[in-house]
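A.B. asks: Counting from 1, one number per residue, gives the positions in the sequence shown under the UniProt record's numbering.
Derived by calculation from the structure, the hints in this document are not laboratory data. Keep in mind that a hint or two might mislead.
[As the list claims (entries may be wrong)] Pair ranges (Cβ atoms, derived):
| no. | residue 1 | residue 2 | range |
| --- | --- | --- | --- |
| 1 | 362 | 289 | 42 to 48 angstroms |
| 2 | 364 | 290 | 20 to 26 angstroms |
| 3 | 120 | 302 | 27 to 33 angstroms |
| 4 | 291 | 345 | 19 to 25 angstroms |
| 5 | 318 | 268 | 25 to 31 angstroms |
| 6 | 122 | 98 | 42 to 48 angstroms |
| 7 | 275 | 302 | 20 to 26 angstroms |
Everything numeric in this text was worked out from a predicted model, so none of it was measured. Even glycine gets a Cβ: it sits at the ideal position worked out from N, Cα and C.
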Amino acid sequence: MAMAMRKCLGRVMRGGVCNQSKSKSLFNCYYAAATNWFNNNNIYTPFSSENLKSICNKVPEDVKGGSHFGPLLLTKNYTTKVEPDDKLIQLIGIKQGEFVNIFDLLFTETRDYLIKCNDGQQVKAEELAGKVVIIYFDSVLDLDTGFMEYLIHTYNSLQHKSGFEVVFVNVDDAVDILNGEISPARSQDGPKKHFEDIISCMPWTAIPLSDITSRERIKRRFGVPVKLYIGAPVVVDSTGMIVQSDAYMIIRNYRALGYPFSDERIDLLESEEYAAARQPSLKALLASPERDYLISNKGDKVPIHTLEDMVVALYFYTDNGYFINEQSTQKLKEVYDELAKKNKKFEVVLIYVHDTPDNQIVQSFWELFKTMPWLALPIGDSSYMKLERIFKFSWFGWNPRLVVFGPRMEFIETFGSYMLGCFGFTAYPFCREKVAMLLAEETKELKLEMLWNPNSVFGGKHGFQVSSFDVWVLFLISV
């Protein structure tokens, strides 16, 4: 499904503006296509790139004029009849580009404040003047905790900016909360205690839970379903314009780097990543707006430009149980030490692949990094997500475990781990020409029939062994 969506959107967005979302943003186009596919899959079946392309280019008559607010919200501009057991109520939503009065939305004649989630302090209405405000809708009874972690990281990273705030709006029905419609496993003390536990983790402001009227009014204004909902942030700029009607993927992918979360900002970030992929350099790949250095395990800062004349390997390390890193790490250490003895210009940069940098992740990073002799990208840096996107890193399947760059980007090799595993330090500088030379040396006495035998194992003079399958793979990547 995701692959078909990416193929479609890539073609559509090259044309400029998505006809359905009326936006240049890939994220808005993505959700416009996803929304209409989920809600009209009897029309657009099967889920294919061609069907998605038709969604972006042509909107069916019965859904024109709607809002693309979240993947589960229908885009019809009327309220349909809802059966008693229906979990989704469809309402008119505010669209991107429209203007709202943030004070009329969030405050009332009898309440001129919001509450600070983690300490209960009151935040007066005038404190939001001139700020970019994210209105964050979610269900406390069924919270999207993964996204909340992204938003917390974004919020904390932007605390130095005085022009930013998040306002949480709980979308649960008052009846649900009063009746305790909550799993006992989540809280032994009832829904009120569960609510307090959840919001105590949030560093931002919120509409008071007791102000049911305001919460219902805001939900209707933004077209938020009453029960079934995936948390979504609406971004309102300092002028009151809705710059994003659903910034979920923007915050997930860019976090604080996406501020102020406008289409123009996201377009700029996407163009920078595209340029870094087309004309890579160590600075473009490893630096960030606030950092031009890497770190050692002693905390030293090493300028990135000092590595430009070296062979540099990016070591993508995952600590999630799906990959075994110990053997590859030990092998890399041996190669690193051997090349250092030979005074070869070689450096490794640890890319500790992680989701959100909570305290446990940070601790795990430093425990690992202290055992390694090379450099690292600082944990929690904005460049992590950029590198994962550029090198198409996935938590599952094949990944570029060791990406090698030649001096001043003379070559880029994504099969570095395979070369290092088969040939060790003799493959330095880990380019395909060097591997081809090593293969030629080792196969002088090779007979053709030996290659066709899958059980053949070849021993080299350097002490390594490769199977016939390995020989074919190395041959193919060297061509």
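A.B. asks: Hint by hint, where does the structure go against what was stated? Just the numbers, ascending.
C.D. replies: Violated hints: 1, 3, 6; rest satisfied.
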